[in-house]
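Which chain is which? The protein sequence lines are X, L, A, W, C and F, in order.
According to our numbering, the first sequence is numbered sequentially starting from 398.
According to our numbering, the second sequence is numbered sequentially starting from 398.
According to our numbering, the third sequence is numbered sequentially starting from 398.
According to our numbering, the fourth sequence is numbered sequentially starting from 398.
According to our numbering, the fifth sequence is numbered sequentially starting from 398.
According to our numbering, the sixth sequence is numbered sequentially starting from 398.
Derived from the structure by calculation, the hints contain no laboratory data.
This one's a predicted model, so the numbers in the text were calculated from it and none came from an experiment.
Glycine residues also receive a C-beta, built at the ideal position from the N, C-alpha and C atoms.
Treat the hints loosely; a few may be bogus.
Stated by the list, open to error - No farther apart than 25 Å at their CA atoms in a straight line, the calculated lysine-lysine pairs in the PhoX-like style are these:
1. X:LYS436 <-> X:LYS492
2. L:LYS568 <-> X:LYS568
3. A:LYS549 <-> L:LYS689
4. A:LYS709 <-> A:LYS543
5. A:LYS628 <-> F:LYS709
6. X:LYS572 <-> L:LYS679
7. C:LYS709 <-> W:LYS709
8. W:LYS572 <-> C:LYS709
9. F:LYS568 <-> A:LYS709
10. A:LYS501 <-> A:LYS543
11. F:LYS477 <-> X:LYS477
12. W:LYS568 <-> C:LYS568
13. W:LYS628 <-> L:LYS628
14. W:LYS709 <-> C:LYS521
Unchecked claim - Residues of chain X placed beyond 12 Å of chain L at every Cβ, according to the derived structure:
15. GLU443
16. ARG487
17. LYS492
18. ARG578
19. GLU603
20. PHE656
21. GLN684
22. SER705
There are 6 protein chains.
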Amino acid sequence: MKSLYAADIRDNQSVDGLFLVAAKNHGLTKGGNSYLTLKLLDRSGEIEARVWERADDLARGFDKNDFVRVRGQATLYQGKMQIRVHDVLRVEESKVAAEDFLPKSAFEPDAMLEELQAILRTIKNPHLLALVEACFADQELMHLLKQAPGAKTIHHPYISGLLEHTLSLLKLILKVAENYRGIDVDLLLIGGFLHDIGKVYEFSFERAVDYTDKGQLLGHLVMEVEMVSQKIAAITDFPQELAMLVKHLLVSHHGAYEFGSPKLPQTLEAVILHSLDDLDGKIQAIQSLPEKEPGSRWTAFHRAYGRSFYRKALDENQEE
Amino acid sequence: MKSLYAADIRDNQSVDGLFLVAAKNHGLTKGGNSYLTLKLLDRSGEIEARVWERADDLARGFDKNDFVRVRGQATLYQGKMQIRVHDVLRVEESKVAAEDFLPKSAFEPDAMLEELQAILRTIKNPHLLALVEACFADQELMHLLKQAPGAKTIHHPYISGLLEHTLSLLKLILKVAENYRGIDVDLLLIGGFLHDIGKVYEFSFERAVDYTDKGQLLGHLVMEVEMVSQKIAAITDFPQELAMLVKHLLVSHHGAYEFGSPKLPQTLEAVILHSLDDLDGKIQAIQSLPEKEPGSRWTAFHRAYGRSFYRKALDENQEE
Amino acid sequence: MKSLYAADIRDNQSVDGLFLVAAKNHGLTKGGNSYLTLKLLDRSGEIEARVWERADDLARGFDKNDFVRVRGQATLYQGKMQIRVHDVLRVEESKVAAEDFLPKSAFEPDAMLEELQAILRTIKNPHLLALVEACFADQELMHLLKQAPGAKTIHHPYISGLLEHTLSLLKLILKVAENYRGIDVDLLLIGGFLHDIGKVYEFSFERAVDYTDKGQLLGHLVMEVEMVSQKIAAITDFPQELAMLVKHLLVSHHGAYEFGSPKLPQTLEAVILHSLDDLDGKIQAIQSLPEKEPGSRWTAFHRAYGRSFYRKALDENQEE
Amino acid sequence: MKSLYAADIRDNQSVDGLFLVAAKNHGLTKGGNSYLTLKLLDRSGEIEARVWERADDLARGFDKNDFVRVRGQATLYQGKMQIRVHDVLRVEESKVAAEDFLPKSAFEPDAMLEELQAILRTIKNPHLLALVEACFADQELMHLLKQAPGAKTIHHPYISGLLEHTLSLLKLILKVAENYRGIDVDLLLIGGFLHDIGKVYEFSFERAVDYTDKGQLLGHLVMEVEMVSQKIAAITDFPQELAMLVKHLLVSHHGAYEFGSPKLPQTLEAVILHSLDDLDGKIQAIQSLPEKEPGSRWTAFHRAYGRSFYRKALDENQEE
Amino acid sequence: MKSLYAADIRDNQSVDGLFLVAAKNHGLTKGGNSYLTLKLLDRSGEIEARVWERADDLARGFDKNDFVRVRGQATLYQGKMQIRVHDVLRVEESKVAAEDFLPKSAFEPDAMLEELQAILRTIKNPHLLALVEACFADQELMHLLKQAPGAKTIHHPYISGLLEHTLSLLKLILKVAENYRGIDVDLLLIGGFLHDIGKVYEFSFERAVDYTDKGQLLGHLVMEVEMVSQKIAAITDFPQELAMLVKHLLVSHHGAYEFGSPKLPQTLEAVILHSLDDLDGKIQAIQSLPEKEPGSRWTAFHRAYGRSFYRKALDENQEE
Amino acid sequence: MKSLYAADIRDNQSVDGLFLVAAKNHGLTKGGNSYLTLKLLDRSGEIEARVWERADDLARGFDKNDFVRVRGQATLYQGKMQIRVHDVLRVEESKVAAEDFLPKSAFEPDAMLEELQAILRTIKNPHLLALVEACFADQELMHLLKQAPGAKTIHHPYISGLLEHTLSLLKLILKVAENYRGIDVDLLLIGGFLHDIGKVYEFSFERAVDYTDKGQLLGHLVMEVEMVSQKIAAITDFPQELAMLVKHLLVSHHGAYEFGSPKLPQTLEAVILHSLDDLDGKIQAIQSLPEKEPGSRWTAFHRAYGRSFYRKALDENQEE
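Sequences are here, hints too, so could you generate the full structure?
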């Protein structure tokens, strides 16, 4: 486990820690000496570093995308923290805890998965229950579900974020369904479970969250329809209308053409699923926005939502 | 109480009932005889009527917008029901039950208001509670709230529809708030209570739901800010920041500029209020859409949402 | 084969022909006599009809959606042709040629299919060729492909329209590919072949072209990805990247989110496929628009394109 | 009064002047020496500064947002002017003329207010005149009106800019009204006077123009409706229809939903007010755009209007 | 001069007047008798007519688009006025005053043209003055300008409407220019004069206002650039920059791409011209909208502006 | 001919080459010494340069926009290549080959023009052929056509790019026309030839591609209508309808209002021209995008198309 994170490094601090090398460039000082410009990364963020001495020697020992142990001194330079590196040494991936280098959910994935399974096993429709169990039985899928992020940037953009969002949405569905008559809760739950599950293939998330080629060219929506199609095909006597309704929930869950849904929500459950999915994502995103600047009641600007948010002084009282 | 409603009249039925005259036009048959074309209305809908005999005599006895007792015979004409009128007689408004002529909520307004007040009195913030009580104490406001429709056409477009929607939204807020930490429930409840309250002035709803001039030129959003401003001014020591946050909920509750919100939701509570308000309206609207045609699984086209909705055969099982 | 089509009936003509009953309504004349209002249909269009005598008797013999033999007299009534019916008799579906009641392509489906197969068998990539052959071997698919329309209204809206459009597009692809270097023609051909193939399930086209429930809720784009997924899964060693590229062509072929593509075209071939598909559809649609009014150089208004088109007098010379 | 402005400083010039400290950061030279990076501001713009000597000593004497006296030498560094600071000293706010640090109108606020009052006192409608006088009698309002800017960036973004714009608009209204019959000039004048008056609360403008929290969450449009509501309530017998028409002018003056008007202009006067307000703002904004580069006929790019403007050589002749 | 206009015909009135035949259709009564359905037109509007007797005889005497003298009796039929025709007779075009059949400006074209010329001759720039005189010298152009409508439907849609709008705009320009410094009034005047002059070729307006083929395919904007290009080419030493600025005014005067301007206004004068052109059109359009229904304070719905307008009771007082 | 291009310079390389000075700024080192910051340009791209010694002396010898001979040493500085200049000397424009400093087409302009003329001389319509010959006879036009770029950035943004695009489009038109009946190929060819010809006046392209003032204020679309108008006027008996159709092709060739077409394509040929023009531009643009980073299958982001493109590994095989 890492003992020092990039975000915690302060001016004048003596540094000794593990980082991922996100960029490595050579330079020449005006005096003609070689030096290195590095960008170091861990799950808390990035930090700049400079190697002014023994640059050529040290440079031979590691590459971009390697994990390294860095020793040096922190300095504030033009308002940004920078490490003046004394020594840098490559470290084997096997000696490193991956979760130190990617942000992750505040909740335990195994516990979340257990809770999610318990909720989904309350489904009464035997066909939908069979579909749920078929997914649980797919070990690779469950393995990926425990790790996948909810998004690259917009909401739940961290390891296990997909599972955290899915679980929160299922609980929200149960609450909301109590308030109305005539909602097919089983359908809503299966929709809540599967609406983003294609994200396990849409993102790569070993050293950083990024789109896979498949994710970029097909998208999670289409990939999860393929997967669900396959699982349903393997279940005996799965009713055709029911299959169509499940797939419609996936196909329409972005709610509008401009957000990449090829069909608008056209069942009551599809309308509700889109609305609650959107709400759950927004609540997480807004609550985790940093302040615009220390002490400000305004958050940083959220690009996808196109605004900052105001946080009232009242909040503290409320949460007691 | 009316015993016969326009929507229930069948081919060849003998008709004797009370209606509102929505249109009254004179015509001449090719043979040169006078006749009357009427449009009759009650809360179930409209029906065409024709007076072929004694047209001039009977016409003198009533006008457009009068209530009348009509006797005659129903006939299907070119696929639409029509009354061949034998007699028509003006009836005093005092002898008529207004609710027979406007659709109304399936729920009792007094009971709904009581439940709404009970929920709002759980608010802990003393200033917001004072604001709530100031509204309850405004008898004219409460009187109008019990009657006002939720909209002209989009959702809850019937007498007491505003109250029904407001109550449903408050209950939904309570459910959703349980699912998250860090939400200011008191603010959300006051926002849910007041977000549409200006509709009591936006619509006239004596004989039909229509926009008032004020409603058309200012809108419920602006009128309710004025009203809330006034009530807050009368409460001692109401904190300025809190007043701003309450008004922001009103000002932003349509969620987007194109729906007439002069400001986007910029607090977590404003984002949630808009989302749940929108969802509650949509659920009511979709559930009350008639079928496209008898036996169809598709509903009639909803103009504001730009689509029809599919209703699965599964619905029945679900609701047991 | 029908000898008389609705569109050819002229004023005062004596009528004896087969039609589909698209609407059937009862009425009462002012004198109290029963009569029938009918809407009769064949592939050339619709015509109104009235049964003034023996209406009740004749009405018992047939229903809406039946095929009937109608005898009577044509009359121009308020500028529209109408049949004054003397006799009407139900006809068994087996005695009727379905193609008389739906418009169809000017080209022979078997010949078109043969040409299409010849073109696709020029594909050199063995995996894509295997996919093509797997489709050809699917007899139900080929059967439907020969019949399915290209659309409900926008372009190629008639029996075998899908095949006609697909073939024309493949030929266009071959031409355009000659003009550029670096285009993967095999990919373009497979994309041209499969881009609309889901329409065989999107539409029902027995008595009229209409959307199926699946078509409305999932769309041809998603349904064809499912189908292609399944076919590819059955081919040994189909390269994953290639599968992704084929599906990307389907997923993006509408070219923009607002037209229901969940992904924008992101390969050169996807950009070209979208462009040529769009162009081929537009050429057919514009060329088959009727005149705005007889003798006008302007076509009727095309709703989807939002305009009329001007046809120059030069056209004739040009085509010689 | 300041004798030296940031924008006038030239290469190699010896500097001695008063500035506002907009940013202050510490750094370490490669040789390990402390230095300071400053951003200095006055109403003419910003300039960079560096303290290479006695950095720690001098830094203790002042903070960000302080006014300071700076002595040093100007140098062009990478194409931008920079001050090499020899000495820096905190100066009491009371010893500083605020207007030196914020751009301001070229016109005298008292004279503008007088002219504005004279125009508004030509209003004949006694109720509207009473409303005008109630505003004039509100000393805090008049005090703020003399200072408030017209906007943060788009047009009239300087001290007294709101008053300058309001006065120019009133004069324009008088001119335009002469050209048409049937315009209610009194209404237009009151609308011109009040349409932006909420900006006195929307912006803070002590050391820089910025949005207040209220301005950001409610907007000037809603705040001025509240204010006008209050003033009207205090006037005896103010006609309800007139109040509605005045408020409609405020509520609709941005002209379109996407610019934050919750209602479109729905009276002739509202249409005219929006049009002239927009025009007056644009003329000021375009005329005060700097050149794209010295000698160019094109102005700098205006972000809100999305373009540069061409200024013809003819201008000079024209203005004689 | 016509003595009776369609809009003035009342129930039971005996009719004898001149009309344009806008539609002529034959029909058969249920009893088998021939009758005619006519649509008759004059500048006040349309009226329906029926010929029940001697239909075949009378029909032979006139055609669609002929002028006719009609005698008969007016009747209200299903809420619309209708003439029961006794006699109808073709009238030579030469015996008819064209202006009786097209709505026209309330102002005298010759007087308007004179005023327009006087204003334009105040232009000081000799090149622009030469351009103005070249236009005045073009007799066909002046002849068409006196007659052309301002639009088909949106604003000034009547004979001489273009001239009325152009003159009103020039006067508005003079007023507005007084309010600002640095505006090139000569440029604005020439732009005001020429901005819509291509409409003389865009519309045909003999018997009704309609688009010409050229108008539909090229538009007035492009056609007037061609015309102005030609006129400028014939003027010695017309400065190139000035020509560019004049054409830019034409090319950008619709103000936005979506209204068919290929370029946005990029000079101060182009911005002002677009704004005032738009305003003048809107004022005329709103002022001439009919009431929604008799006695209503709301106007009929204006399709292009997407709304109705409210007319206050105050208007009368104001206009005295 | 240049022997060394900016893009080919490597770390530590000794530099001696001709460049265009795109920027020249003075600076002072912390030690108070003068230095120069230069941006040097040739057709391969830009490179930074610094003059640390004899800066004031050397600076006197050349200016921004001069051609210079530069000698020095290349160094990688902060990841970007930079020249440490030892000597710099102004070079006469006459001694420089302009094409070394602007990117140009890979094809020979004279050969392209010849091919283009051959194609256009296949036009059968004598009037259109006359128009083509009139353009060929315009030597200044032909001279400019051989040099003009296709655009500033979007597609074919290099010397002779307009000609390359025009020729490619003409060939594409010939191919596509073979696939359909009823297309007027002559019209399409003339449209393909002239649709962008106004770009010869829209851009200046001596030392860099930029918009001319005319290009910015009028646009190539309007300027080429003017030019074609003039040429047609000089041809005897050119049919008016044909002239209108040719101009319509120009006026509508951007295909949509938002792309600056004042009219939508309203003939079959205009629809096809827009589609093929768009396709040819996109193919060129996508094929010439650089990789996102070395070895990536994704291209750099294309701003106008709003995306990156994926290039499959299959490409190589395909092109053999």
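Inset, instruction - Would you list, in rising numerical order, the hints stated earlier that this structure does not obey? - result: Going through the list in order, the structure violates hints 4, 7, 18, 21 and 22 and respects the others.
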